[in-house]
Amino acid sequence: MASIDTSAASKEQHWEHPGHAPHFRSHQDEFDACKIGMWLFLTTEVLLFSGLFVAYAIFRMQHPEAFANGSHHLDWRWGGLNTIILLISSGTIAWSIRNAQLNQRRLLSFNLLFTVACALAFIVIKFTFEYIPKWTEGKRPGVLFDYPYAENPYEHVWWSIYYCATGIHAAHVVIGAALILWVWNKARKGFYGPKHYTGIEVAGLYWHLVDLIWIFLFPLLYLIH
Amino acid sequence: MASHNDHAEASALDPHGFHSGEHHGHTIVPFRILVLVLGALLAFTVLTVALSRAEVWVAESMNVHIPQWVNVAIAMSIATVKGVLVALYFMQLRYDNPLNAVIFLFCICAFGIFLGFTALDMANRDRINQWETGEIVLGGTGNIPRTTVVKDATTDEGVMIGQDTVVGPIVMHVKGRIDVLEAADRLPKHKDKPVPQSTANQSRVRAGFTPGLFAFSPKDDHGHGDHAHDDHAGEEDVTIEPTEKNTEGPR
Numbered sequence: 001m002a003s004i005d006t007s008a009a010s011k012e013q014h015w016e017h018p019g020h021a022p023h024f025r026s027h028q029d030e031f032d033a034c035k036i037g038m039w040l041f042l043t044t045e046v047l048l049f050s051g052l053f054v055a056y057a058i059f060r061m062q063h064p065e066a067f068a069n070g071s072h073h074l075d076w077r078w079g080g081l082n083t084i085i086l087l088i089s090s091g092t093i094a095w096s097i098r099n100a101q102l103n104q105r106r107l108l109s110f111n112l113l114f115t116v117a118c119a120l121a122f123i124v125i126k127f128t129f130e131y132i133p134k135w136t137e138g139k140r141p142g143v144l145f146d147y148p149y150a151e152n153p154y155e156h157v158w159w160s161i162y163y164c165a166t167g168i169h170a171a172h173v174v175i176g177a178a179l180i181l182w183v184w185n186k187a188r189k190g191f192y193g194p195k196h197y198t199g200i201e202v203a204g205l206y207w208h209l210v211d212l213i214w215i216f217l218f219p220l221l222y223l224i225h
Numbered sequence: 001m002a003s004h005n006d007h008a009e010a011s012a013l014d015p016h017g018f019h020s021g022e023h024h025g026h027t028i029v030p031f032r033i034l035v036l037v038l039g040a041l042l043a044f045t046v047l048t049v050a051l052s053r054a055e056v057w058v059a060e061s062m063n064v065h066i067p068q069w070v071n072v073a074i075a076m077s078i079a080t081v082k083g084v085l086v087a088l089y090f091m092q093l094r095y096d097n098p099l100n101a102v103i104f105l106f107c108i109c110a111f112g113i114f115l116g117f118t119a120l121d122m123a124n125r126d127r128i129n130q131w132e133t134g135e136i137v138l139g140g141t142g143n144i145p146r147t148t149v150v151k152d153a154t155t156d157e158g159v160m161i162g163q164d165t166v167v168g169p170i171v172m173h174v175k176g177r178i179d180v181l182e183a184a185d186r187l188p189k190h191k192d193k194p195v196p197q198s199t200a201n202q203s204r205v206r207a208g209f210t211p212g213l214f215a216f217s218p219k220d221d222h223g224h225g226d227h228a229h230d231d232h233a234g235e236e237d238v239t240i241e242p243t244e245k246n247t248e249g250p251r
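If you're matching them up, the sequences are chains Z and C in order. For the record, in the first sequence the residue sitting at position 47 is 47 according to our numbering, with numbers rising by one throughout. For the record, in the second sequence the residue sitting at position 190 is 190 according to our numbering, with numbers rising by one throughout.
Everything labelled a hint here was simulated from the structure, so no lab data went into it. Just so you know, nobody snuck in bad clues.
With beta-carbon atoms standing in for the labels, derived distance ranges:
(1) Z:I36 x C:F114: 22 to 30 Å
(2) Z:R188 x C:A50: 34 to 42 Å
(3) C:G112 x Z:F41: 16 to 24 Å
(4) C:L36 x Z:P148: 46 to 54 Å
In this text, all values refer to a predicted model and were calculated from it rather than measured experimentally. Just so it is clear, CB atoms sit at the ideal spot from N, CA and C, and this is done for glycine as well.
Bound conformation, chain C alone (with noise of 0.2 Å):
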């Protein structure tokens, strides 16, 4: 086999004779530096359960509050540096092909993009924006009562195929066909699982009255301060009036 070729001299093609020596890029890392490198690394530890423990003692003695993420800041501080020195020296990052390192850097890169997305979503679940403080209702955008009109296919008029009120039945004219659908039925639920309710990090959509929303007066118990009966109470004057109780917003 031609193996004079792995001592041939640089060629047009690899002009940096990077591949023509049988030891080049066979950095040999000084012992000295892995010792010292492995030194710095163990002390680096000593440090960060130093400073954590600190850190307890601190609070707990001088009854001060630090804040959580001054402890996370640290922490991640001194964790880089030892995945630093792990990554440029045990992994010869420095001695290496500096594609080697590039790829390393694009992977934290891509983490970052992850968690610096992922973040900004999760702090910004509940902001109301100005321009859509107009849509915000009271108990939530679900089941608006409204009435529908569609044209008959046969006699081509308008016909109100329903007024969808938040519990009574959708009665639907289609081609003849008709299907009633009760509103309830039309969302997903488990008979004995509680149905789950919105929170700011999600939506659920929900069938039936509004907790709270056709207002009875607290102060109508009889004397009993018994609120069981409460539902029709009040209902001869149903009034949404922005009280204590309504007004508050969104978490």
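For reference, chain Z alone in the conformation it holds in the complex (with noise of 0.2 Å):
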């Protein structure tokens, strides 16, 4: 046990030897102070979405028909193939969690690539059935609103919102699945292992709180009638 390296900065360290930084006691002192942390970084990005849930609320008790127009042009198939999406993606880091604790590397390597994967299609959907056809449409948000057929005059307001909203969550899929992917990479060279897996739980939960503001997103966007 003497070659246990506990400086944080070793590249090459097995998930068998895992060091802490050394104003740790231990390693477990350092995976509950990352948790704590990414916690309290969570809370942060909850906030930052709050203000887009107040905004919406604000808008939708001022416009209602407005909201309820706009949300017509959005198809709840659509919306609801991506929330099934992230609820399977969230339930497959949830499981890598498991196989880094269980030490079963290839199923660990699978499920860390399917959320990717997962957060793909998500962006593909997005985009090439929901923003671009809008888009070109003319149902863009604020002053570049061009749709001639609009039935209420703040309807800008809507995709104003819409975009917001969604485009800000879209943003935070593409940095999860950016995180998830560098997990990944450290996983397949044996990073993680039953006794450290900091990094997987540290960005699963952040890909969690993405699909759990979808989860509150999807409703309120596409099931207003």
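With the hints as a guide, bring the two chains together.
Shown next, in the form of structure tokens:
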């Protein structure tokens, strides 16, 4: 055991010898601190989206018809499919933590990649079937609004909220996918295992938050009538 | 390195032995639970879409008008249940250090405060309280005609520095400096933009005559239905009477 390298800067660590930064008493302490730190960061992310949700609430109260009309332009089937994709991806990344804890290396790699694939599918569906058709028809946010058949003078407000909320969420999906790809890269080098899976845990928390936001965005945007 | 410390017994600094074991707090969530939670999440998704579609169908086929808040309440309840499932089982709040759950709940409370106070404010923007009804003037409270008197710096006697009529100039003698300010110039405006109107949500400073306040008789159109020249029509007997038209209270 004399070969334990507690230097956190070492890049060739294997999970069997997880070091920890010297200011922590143990690896467990470092893990707990990382998790608490991630939860604090998630708090800031939720508050970021809460600004959008409150804006949605205010504008919906002020212009209910515009929101109802605007919502009819959204297809709940694409939104529903995206919801199912994100829920499954949340499941696979939760499963991947279990894989790390039980040293199931190949399943771990598969689950992480599957999550990234779900993220890509989400983005592809969003852009191909939602953003691009709408943008070309003129359903655009704010001053860019150009749809000639708008039934309500405030429809550009609805589209602003739609593009802002789903756009910032899509940006988070991309960031989450990038994080998980990075974690997958380390996982396939044997960096994670039963004694050390902090990176997977932290990336997983971020991904679950992305899913959580979408769980609330989907009914508010797609299921109004 | 002193790796044997990892297996030390609980000490005074760490009475629950929380940090002494390698696998303390590393709860492995059973696979069955993951599958069950995922199944429940998918089922709730199907439920929320089905309820939404059913509501549309009921509203269209039976001509029943279901109020919006019902839709929102049901959808948000189901979404909350889904969110709680994700947080408890997928994010492992159930198996973790309770501090993580406290942090998350604090965040939700912060959001609640944000939404709650904003809603309280927005809902009462156009509320008129009983104790301020005396200050409410038809046409708004901007630019009330007044006479201002100040002490002259040199002679120390009262000087009427101007009659601030709605469109007249103000002449100020202050320490020998004369500033002539047109009332309209004191207000920011853009030549090409229309003057914005006050609404219940935001009041805007205006200059000039309040439209319709100095009443002309709408019947005085010489039979043409032409009100273009009504501005000077009834100027002889300008009265502000509470007619049908200008007793329209705030929205």
